[in-house]
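J.: Sequence order for the protein chains is A and B.
Read in the numbering used here, the first sequence has 236 at position 236, and its numbers run on one by one without any break.
Read in the numbering used here, the second sequence has 1197 at position 197, and its numbers run on one by one without any break.
Do not rely on the hints blindly, as some may be mistaken.
Said to hold, decoys possible - Pairs of lysine-lysine residues, derived as DSS-like cross-links and limited to a Cα-Cα distance of at most 27 Å, are as follows:
1) A:Lys-59 <-> B:Lys-1054
2) A:Lys-284 <-> B:Lys-1054
3) A:Lys-285 <-> B:Lys-1054
4) A:Lys-175 <-> A:Lys-312
5) B:Lys-1432 <-> B:Lys-1103
6) A:Lys-229 <-> A:Lys-323
7) A:Lys-281 <-> B:Lys-1054
Unchecked claim - Example chain A residues on the side facing chain B (calculated, C-beta under 10 Å, incomplete):
8) Val-46
9) Glu-150
10) Ser-158
11) Ile-172
12) Gly-178
13) Ala-182
14) Ser-185
15) Ala-194
16) Gly-199
17) Glu-210
Just so you know, these hints were derived from the structure itself, not from any lab.
Don't be surprised by glycine CBs; every beta carbon is placed ideally from N, CA and C.
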Amino acid sequence: MSKRTLLAAMFAAIGAFAATTAQAEFKPSGPIDFVVHGGPGSGNDVTARTLATIIEAEKLAPVRVQVVNKPGGGSTSAANYIYSKKGDNQVIGLYTNIWLTDPLVQEAATHRLVTDMTPIARLTMEPALIVVRADSPIKSMQDFIKMAKEKPGQMKESGGSITSRENVVRQIIQKATGAHWAFISFPSGGRRLAALLGGHVDMMILEPSEASEQVRGGKLRIIASVSEKRLPGFGDVPTLKDSGLPGDDVVQARGVVGTPGMSADAVAYYTDLLRRTTQTKEWKKYLDENSFGGDFLGPKETKEFLTTYEGKIRNTLKEAGLKVVR
Amino acid sequence: MDVLSGLAHGFSVALQLNNLGWCFLGCFLGTVVGILPGLGPAATIAMLIPLTLKMDPASGIIMLAGIYYGAKYGGSTTSILLNIPGESSSVATCIDGYQMARKGRAGAALGIAAIASFIAGTFGVVALSLMAPPVAAFALSFNSQEYFALMVLGLALVVLLSGESLLKGLLALLVGLWLASIGTDLFSAQARFIFGQSELLGGLDFTVVAIGVFAIAEVMASIEDGEESQILPVPKGILNLLPNWQELKACRFAFFNGSVVGFILGVLPGAGATIASFVSYGLEKAVSRHPEKFGTGVPEGVAAPEGANNADTGGALVPLLTLGIPNGASTAIMLSALVLWGVRPGPMMIQESPTVFWGLVASMYIGNAMLIILNLPLVPLFAQILRLPVHMLFPLIFGVSMVGVYAATGNVFNLGLLSLFGLLGFVMRKLKFPATPLLLGFVLGDSMEQALRQSLMMSQGDPLTFVERPMSAIMLALAVIILISPLLGRLNRARLRAITENG
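Could you build the full structure based on these sequences and the hints that come with them?
T.: See the structure below:
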């Protein structure tokens, strides 16, 4: 060890000591690791990079926020990684619904968002649109349900894995109506959309921003929205409730979680950082463009929200006949 | 806007001095990233997005796309010189590329890779500019049945790649398919074959398996053979480090084959560069007058997959820009960059953002020219690496392999796996099992299983669905012909022998 590194190590040790004594003021000591469960370009990765970019551009944090991709097992690899960083104040993660769903159905996903990690904030509640091809005879959800009942198992929906929001919505509607249709899993959003555009499946659930582009291009038709209220910009699209169906409350929640045992002042620091980030013009623009809603929730409310939401998803999955392991 | 005026407009954008600069920067970064195994173009583009936020969208996408196709030029370097495939699309290049290097033709192989990349890359861009919308319709016509048939066809080519024993090739292929099934199943969200290791939930990383069974096994075998001082001969003189006329002539068809196969398979959202490189290699071998020489270092065995790998770029941009559908990590991250800049790729993009679309297309003509000018002078330079004595070269290969795996996965667990797969590759080599079918099974296994299960779910379990659709029926028939042709050949030889013996 050279003199310089020795000195640096000593200073680091002193710094660490000072940090533990002066608990009130947490300041990140280096780049913040922002863990996401998808690879570069996936939906979660894009949201994380948008947040990181705004923080960087508006100089909201003294350090860089770097996105760390931990794909694998849905959200499980990312959750395991965060769990393994117990007590680390420099690591946060971006969760979505599947962080709640995966531990419920995957034997191998042992770390639960609410009980095993430190919820920090809820950032968005993301609605979705149910779409069919523009030349499809299906004009409404009732049309779809009717056809699904006439030809049980022959209508097809493209989506992600069985733990995805699409499948939860499908299970709820199937149970309420007695209709049954096939759910075909594809590994990426692009493949799901390609299957619908090619006419290989009949229906899918799509993000509003993506759907509107395809509708403008005359390729898709929107038949319903998965949202509690009609969406701005999609005023003539009925919600599931308007269509006489349940499931409109299964929205995609997205927010930030900290490592288990993260110190209280670090949690306070991140809460403040994220609150300031969500108050910027850029973030508001991002929400508008994507038709995202949801009020910012702090640590306590986020934990309450996630606990309730987890219970609800568990019930839905159980009722749908899926094996719930936790 | 028709194609010509569109292109004219595009060149007026791409030839602006600042855009030429961004294009060069992208291509340069891409080449560097391509050469380094582990650090891929997707991760690089993702890291650079915050820096491009204030840029004009046309300039931004010109630079990011430069990284994307530039990386494909660089990808062949370690495959040829060190038998280290940095990405799944350069596995096929290793087969003959590394053998050429062993024969002292490393420079020639690198040169051919660069020239094939240029020709096919340019072909891909021409095809992109001329027929993007109709080709996009073709891409959508592929359903899971067709993808399954395509993967079967790709795997059938394993027979052509497997060398002496068909049985050993098939066995290696099965192990590869099994390796692909490790991890979390997409359909049921359940873990398979993870042996209690949570690191395996995401499946095995490509770099771990490929670098293990190729590079590490190669070095171990070389050490066992007791190779001294220098493993590979490197000829003196710059001219001898570049491909000669004969070698280029042998590649004529390969340039064409790689271009066409790469573009067509690149357009399909569920196919991509890896299957394109293998299909192109297999096709080249199938039509060759000397198929038995493949695998011993023939230049067309380098030109075909490298061409396909680069023509794929132009193809992949078709669904991205005309449908808003990315077919891989790099194009997905480019899509999100475009969205961040306020450009929405999709059915309306050509009409509504002609400056971005045509500016990007025109910049790719320029970028491909820049890349060949940038890469050819590097060839003699890189070929010098092989002059290193083994006591320096072997540690270098080990080092590059481990850094590559760690960079790609960020996980020490994978270094352990790397040595495991190195050992597997070494044992396979001792027992004369070919490694390429294993790797091919591994890289195609996932998509193939998904396509099979999707098809059967759509047909409610009816296997006839694969032969009822004409495209999939044709591809499956081709696969069957490929699989039984060696048997027929053997029967025929036996018949001829019987006739002559009796006569």
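J.: Determine for every hint whether it applies to the structure shown.
T.: Each hint tested on the structure:
no.: 1; hint: A:Lys-59 <-> B:Lys-1054; verdict: holds (15 Å)
no.: 2; hint: A:Lys-284 <-> B:Lys-1054; verdict: holds (18 Å)
no.: 3; hint: A:Lys-285 <-> B:Lys-1054; verdict: holds (16 Å)
no.: 4; hint: A:Lys-175 <-> A:Lys-312; verdict: holds (15 Å)
no.: 5; hint: B:Lys-1432 <-> B:Lys-1103; verdict: holds (21 Å)
no.: 6; hint: A:Lys-229 <-> A:Lys-323; verdict: violated (32 Å)
no.: 7; hint: A:Lys-281 <-> B:Lys-1054; verdict: holds (15 Å)
no.: 8; hint: Val-46; verdict: holds (4 Å)
no.: 9; hint: Glu-150; verdict: violated (15 Å)
no.: 10; hint: Ser-158; verdict: holds (9 Å)
no.: 11; hint: Ile-172; verdict: violated (18 Å)
no.: 12; hint: Gly-178; verdict: violated (19 Å)
no.: 13; hint: Ala-182; verdict: holds (6 Å)
no.: 14; hint: Ser-185; verdict: holds (5 Å)
no.: 15; hint: Ala-194; verdict: holds (5 Å)
no.: 16; hint: Gly-199; verdict: holds (8 Å)
no.: 17; hint: Glu-210; verdict: holds (7 Å)
The structure does not agree with the numbered hints 6, 9, 11, 12 stated previously, though it agrees with the rest.
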